[in-house]
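Enquirer: Sequence:
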Amino acid sequence: MTTTQEYGTVLEPVEVVDAELVEDDAPGAGAVAVHDPVAAVLAALDTKAAEDLYNDRPNKTRKGYARDWALWQEFHGWLEDQTGTRLPDSAITVGTYVAFVKWLDEVKEAAPNSIERRVTGVASEARRFGYEVPKAARAAATQALKPLKNDKKRRTRGRGKAAALTPGDLRKMATAPRERAPQPGARRRRTYVVPDLARLRDQALTSLKVAVAGRNEEMAELDDPDIKLVDEGLMVHVPSVKGRPDRDVPVTYGAHRDTCPVRCWLAYRTAKLAAGADPDGPAFLPVDQWGHQGAKPLSPDGVGRALARSARYAGLTGRRITGHSARRTLVTLGVKHGKRVDKLRTQGGWSPNSPVFWEYVDEGRAFEDAATEGIGL
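Start counting the sequence shown at 624; every next residue gets the next number (the working numbering).
Hints were generated in silico from the structure; no laboratory data involved. For every residue, glycine included, the Cβ atom is placed at its ideal position computed from N, Cα and C. Accuracy of the hints is not assured; some may be wrong.
[Stated by the list, open to error] Ranges of calculated distance between the beta carbons of each label pair, as one might list FRET restraints:
1. Tyr876 / Val721: 53 to 63 Å
2. Leu1000 / Asn682: 50 to 60 Å
3. Ile998 / Arg867: 51 to 61 Å
Put together the whole structure using the sequences plus the hints.
Expert: The structure is reproduced here in structure tokens:
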């Protein structure tokens, strides 16, 4: 736009740029910063996109990354005590990232897998705050982690990998007594009698989770209409979670009533509908100690706890049995019984190059043409 400026008695037009004056004590003092509307819109869109992507993450992931960032800040406080200089949180370099790995290992005594996840969490949060995460820094952190992962003593720091279940384990879990005595150190003093509805739900949840190699989040997102009865058994539409593609997987009748995913699901569905569940609602619902059924879906954590609790009540101790055990179980059992690897991978929704999946395959093949078999020992 233009305005006028007085020079003696003459008014002359002067061009005014839409701009801001730079502070006097700042670098380039006296210069004029020109406002760029295109850059402003692009910056606003980038900020909004980052917020949307952050809000779309599962709540558990957001909380985990927030804890990772809090540890990054704690590490900077420790570094300040060592050096006398406080670095900004944005100081993500080869040196700081490798030092962070060593700090988590030596000061926090974290397991290597936990360290790897925290490095990822810090990178994600840093990008959300607009900080640069150089590829060289990530590569250096990965390199620093390699010897830690190969150290047996360090690997035992973690909780360990989820154990696979055998068919015998699953039958014990399904037929464990309804009367559950108080656990050592628990507040509850009386014997707890598991409500029939909760027992039927846990049977259906465990058997179906193994059959579809379901993640906790996937089982929590399942709706009743996603599980359709067909002549051969069930066709289950496993929904998309965390950006993974959805999938339709077949589930056949099992050899034993107590672990047959089809019959267990039908028995539970009949019972939950009789208790007032919505036939178009969530597949698995919470049940309190008095047998009252909730209306909201069982949470992902609730799914994992239900399986672990069933294992504990069945007396399966000494192994780490969690919600992830179901996925490992399908692959190891399937491989041992000659199932095609590509079928197993598709059933559980693993990517073709998933190292975890191929680890499970190798576990299932451990005694296939074993090195000691038939060599005359």
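Enquirer: Checking each numbered hint in turn, tell me which of them this model violates, lowest number first.
Expert: Of the numbered hints, just 3 does not hold.
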